[in-house]
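Asks: Spelled out, the chains give:
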Amino acid sequence: MTIKIKSFGELKELQEKIKAGRDPRKPGITLCVGTGCLAHGAMKVADAFREEIDKRGLSVKIDFRKTGCHGFCERGPMVIISPENIFYQHVKVEDVGDILEKTILKGEVIDGLLYANPQSGEKYVHEDEVPFYKLQTRTVFGMNSKVDPKNMEDYLAVDGYSALAKALAMNPEDIVREVVTANLRGRGGGGFPAGRKWEETSKAKGSPKYVICNADEGDPGAYMDRSLLEGNPHLVLEGMIIGAFAIGSSEGYIYVRNEYPLAVENINVAIKQAREAGLLGENILGSGFSFDLKVNRGGGAFVCGESSALFASLEGRAGEPRAKYVHATEKGLYDKPTNLNNVETWANVPFIIQNGGDWYAGIGTDHSKGTKIFSLVGKINNTGLVEVPMGTSMREIVFDIGGGILNNRKFKAIQTGGPSGGCIPEAYLDMPVDYDELTKVGSMMGSGGMIVMDEGTCMVDLARYFTNFLASESCGKCVPCREGLQRMREILVDITEGRGQEADIELLESLGASIKDGALCALGSSAPNPVLSTIRYFRDEYEAHIKEKRCPAGVCKALITYSVDPAKCTGCTLCAKVCPVGAATGEKKKVHAIDPDKCTRCGACKESCQFDAIIVR
Amino acid sequence: MIRLTIDGKEVVTEEGRTILEAARENGIYIPTFCFHEKLLPIGSCRLCLVDVDGYDKPMTSCTTPALDGNNVTTQSDHLFRMRQQFLQLILTSHPLDCPQCDKGGECQLQNISYEHKIEKTEYEAVRIDHKEAYPTPLIHYWESRCVLCGRCFHACREISGREAIDIVGNGFESRIAAVNKDDCISCGECLSVCPVGALTETLSPVKSRIWQSERIDTTCPHCGFGCQLTLNVLDGKTITKVVTEKNLPPNNDSLCVRGRFGYDFVNAEERIGAPYRNLDGQKKTVSNEDALAFTAESLKKLSAAGKGTGFVVSPRATNEEIYLVSRIAASLNNSRVASAASYHTGKAAAAFAQMGISPLYDYEKIQTCQTIVVAGADLLINNHLVANKVREAVKLHGARIVSIDPLDNSLARISSAHLQPLPGQDAAVFNALSGRLLKDGRYSKDAETLEGFAGIKQSLEALSAEAPVGIDAALFDKAYKLIADAENVCVIFGSGITGNEEGLKALLNFSILKGLPQKGLVMPVALQANALGAVSLIENMAATEELLENADIASIFFYEDDPFQYLNGGMVKTSLAAKEFVAVCDILPTFVMDSAGVVVPSAAFAEKEGSFISGNGSLGAVNKACKGPSAGFDFLNALLGRLGKKTYASAAAVTEEIRLSGLLEKDGNGAERLAVKAGKLSFATGGASVPENADAFQLIFRDIFKNHHLADRGIYSKGASSVQSDALRISPVDARELGLSSGDVVVLTADAGETACPVVVKNGIRKGVLECVLFSKHNEMLSISSRMAKTIGVTLRKA
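Residue numbers (numbering that gives the first Met the number 0), protein chains in the order written: chain A, 0 to 616; chain B, 0 to 798.
Since the hints were made in silico from the structure, they are not lab data. Keep in mind that the hints are not guaranteed to be accurate.
Result set (EDC-like, lysine to aspartate or glutamate): computed pairs, CA atoms no more than 16 Å apart in a straight line [unchecked claim]:
1) Lys572/B - Glu548/B
2) Lys335/A - Asp399/A
3) Lys572/B - Asp593/B
4) Lys515/A - Asp50/B
5) Lys394/B - Asp445/B
6) Lys515/A - Asp55/B
7) Lys105/A - Glu83/A
8) Lys439/A - Glu24/B
9) Lys293/A - Glu314/A
10) Lys761/B - Asp182/B
11) Lys394/B - Asp460/A
12) Lys25/A - Glu83/A
13) Lys133/A - Asp399/A
14) Lys572/B - Glu544/B
15) Lys56/B - Asp516/A
Here are the simulated distance ranges between beta carbons [said to hold, decoys possible]:
16) Thr72/B - Glu425/A: 46 to 52 Å
17) Lys119/B - Glu425/A: 38 to 44 Å
18) Val492/A - Gln83/B: 22 to 28 Å
19) Glu314/A - Ala132/B: 25 to 31 Å
20) Ala132/B - Tyr464/A: 36 to 42 Å
21) Leu506/A - Thr72/B: 22 to 28 Å
22) Lys271/A - Gln83/B: 45 to 51 Å
23) Asn762/B - Leu506/A: 52 to 58 Å
24) Gln83/B - Glu501/A: 20 to 26 Å
Sample of chain A residues with no beta-carbon within 12 Å of chain B, all distances over it, derived [what the hints assert, rightly or not]:
25) Glu198
26) Gly220
27) Asn354
28) Phe398
29) Ser524
Here a beta-carbon is modelled for each residue, glycine too, at the ideal position from N, C-alpha and C.
Throw the hints in and build the complete structure from the sequences for me.
Replies: This is how it looks when you write it as structure tokens:
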């Protein structure tokens, strides 16, 4: 698109023109090519669709659209057939011909591609009937399945940039007031009220003022910001332009994690399109307001998600937090007033402007408003991204939307808020999920990561894993984080390797408390959470490791032995075949044995045994 | 003012202070470790945590602003335990190798651990040592001892304006590394702020603990800034290191590479131990008495014959020595005293006197200026501390810098505008700035009442108020705006300006027009430790070549001076050959000694009593740190006696006489400084012409007046020579045109000859200009020009 939109009226006209040119009855195929689906081979499926559509001369008769992530990553690659909204999952290249032949041309539903409830076996034809989607409120994320991220017309067709037009006609103070009324809290980790940041930045003296989008999402297993930026970059842009207008900024940055090349590509395409269309740059939509932004790729340090470290990195210095005696809203990037929000926060802004702060404040709990996107990973059936109103219970998220625990095993705990979040045990499953409740139980909202653990997870090992991650990602500036996390890591390694000592738990607790209170930035002060929360809820596991030199979950290799249950072993020889070191041996149809001296505790025998005959102790 | 309560005590402080500052002002102790007064708060050690009502966590007092009504607790069991825990964490990865460590006995970690009763550490995990080279060979980085407090790389940036070192790696693997080795200027600020022995100096000839050596305060003998430093002396003989820890003005614990590491010449093996005479090309050692008698007789004889006597005295000699030289000169007929101070400080002082500008200035006034103009001065080698003061003004007060220099200089990188006039074009730049101030009516209205205003107005109106040819117009406009908008302006200039009379006049006229020195300050930097002293003490001071070339001067006495360092050596040699008597008194072998009939040893600065007058006019004490006689002073004093004049009981007696002469006065704080003769401010006439130069290149000498005790006939300071060297630099544009790359040898030709040397391509140099930094090759480089000049015209070709 190269037409420059010069006024609000022209925007409206263009939106209507695009909509009018689209026949709602026209058959359409929407394929998710988000990162999860790509990993499942979605690009090959896309190529196959293109080829088959061309071969059959259907290219004018049907719309084929590749979109960003829909969230149900477990079931990718996914296809939605419009206008019926038929939902196909696990679509393979071989299915492409069938879909065109049967569904598109004959209107038949292919049973084998439908989603079936793993518990009940019930099958669902339409996307909105699938419990995973049905139970969500996909306000921010829902648009992902409707737009091709590289096609701005798609975004305009769903009334994209209308919020911007509305905002540009408002007083900047009124925009800030709407965001304050909405009580939108930062989705990046801190949960700081965005409205307050906006208010402070708009009042701060100094120029230029900056707006920055923090897209340095670094939590392992979390990818909501990535999916938004990859899947609907214009939504994020629209939020930022509104924010810039509200606080009086003319320059902005999007700081994207270097490991997100597709996000960088799509946001750059979107910026170029927006610039050409007069939605960015000089005199936006003829309003007289000018704003432009640049994309900056991060250096790969987890700590750069921390605001002052992010500024340092943007300024070309080492990504190291600085002591914050002045708020970034007054002295941020280059010591100028800066409004930094993360991707999801910015993506919420157009909805608040369109529907009003009161509308937004009507969703959620007392102090946590709106919806929140969570990444649901771990030992769960429906791995993916889910968006629910604040206050939805953990049980609903894990069992109703998430489809429960893999292989019908027992739920043990859920870790929320990324690597420095805490682990919440089963007793709190009915707790409403919001900022304050999560903090109360020793965890946090963070950016919305949720890692589900089953009974096979060792909580000490888990704490060791996250502490190891955080110690490696510590920037090394302040003593508690640099030295303290290293000590915690060493103690945890000792415990999981059978060298734990009586006083270790107390030492971890006291070190953890000091780091929490004393560290310079949020990375450090939240880093002890995994250890402290697992000690709080699973102290007995620590004690078993230390006192009995036993790993109850059977995970810590130094503390476990593999043996064969003679009562269950059928002598099928499978364990002997899969054992990489020849520790499992035995004759056919006779009880097998495992040589503990040779065994490396890799677990291959246990995984392969069909008769549950491998005992881990 | 705001009120807050700290540990139950109500204290009052200024708004904007931190809790730590408020506590310290009121005598309340909060332990700190990474905090350093000269640096912005770092906040890495977390030891200064305090509880503040209203905050849910302890706050670092070094970074938390004190607010009205705060209730602060600095000591509690909980805080003490946290501090203990953090100290234990630091000690876990810090080796307890205190007996081997340089810092033993003066280590902050030792002190604070002891204070916090750390009796054992829970773990042991010594950091690995990557054994990577530190950016300067003068400092060793002991990675395993490093506690990563961050002071060093903050000092590198904040104090010295460099970015040579940084923290690299993550978490426990973090370490300090040379991220930009070439940016290091070996100033040693990192070394001086290191709280532990992670950075140690490699130059000390012997090691000694703080309680084993004597510490004597004195004034730095290198440039004229007047740094106060402390010599660590073992057995009254060997200087083992230089420290600055007393926060004394003007340098407040900062030093440059020469101040910190340029001390070893004092103990150099080559020191001249006994007087000798050059007889038939042979050096013949003689007794002190013989040397004295021979000198006295020779001078007396020539004087009696009506022949003139010349004295060339070093601007690094003490006031007392210079005074004795002038007394000796006064006792002889037709005598003149010359000094290398005449080339820069002498010219500036003369112009100041003529225009009624006080030569005294207060370095701290820089902090009150919004715009700082630095013209023709590279504050990297000389007066590095002035650059530090300027950086402080930028860092703490948001001052902006306008650099006026054809070359890159130490402040160019943080300048808001860097104008690059050709040598000689400075006058045009300042005239254009003045012209525009007049045109816009933005000059100081006080100027209208001054003598010469009408004349200057008329002549400026006839000139362009636009950017001179070759100067970027947008940058010029920016510079002008910064100057016009500033209420107070500081103008700092060096020998790049005084080398050209018109430029100096134009700069001073511009300064007066802008309301200086009332509304800011105008300051020449002093290149030698006692340049202003020499200028003030010597009446009718000559330039050295005037004496050399004057046939009426039949004898010359060089006192700690070697003209081969700043004049064409061939010319000096020829001139001296024609003299009937030449005497040299100095501490180390110099080129001029070859031409001397008698050579007498002198004393190094650390062996003398006396004083220097720094560039700002303040009197700095030179104190005797090493045992032994002050040979030079004693020789001058005895010579005075042999010439039938009054001798002095001590250097102090000479100081007293200088005092009585009215040359010194006390400032408001009781400190002694040069007495100022009040003058009436007026404009200078002239200062308008822009000389055209036909030469292909203008070669600018840097550091021509370095202390020759660092290197002359030989290299006498291993410290300075290990990090400083001669260099010829060319702009990338010229290099491209001539097909040159760094390392290529070029031949330079000027009016008196040619020389070959390797060239380095460097950014930031204006096209058509060459930068020549001198360290030990003064002779070769100066031999190509017949006259003494900061800038010479040369042609250049690839060898």
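Asks: Hints numbered earlier in the text: which of these fail when held up against the supplied structure?
Replies: Checked against the structure, the hints that fail are numbers 2, 5, 8, 11, 16, 22, 29, while the rest are satisfied.
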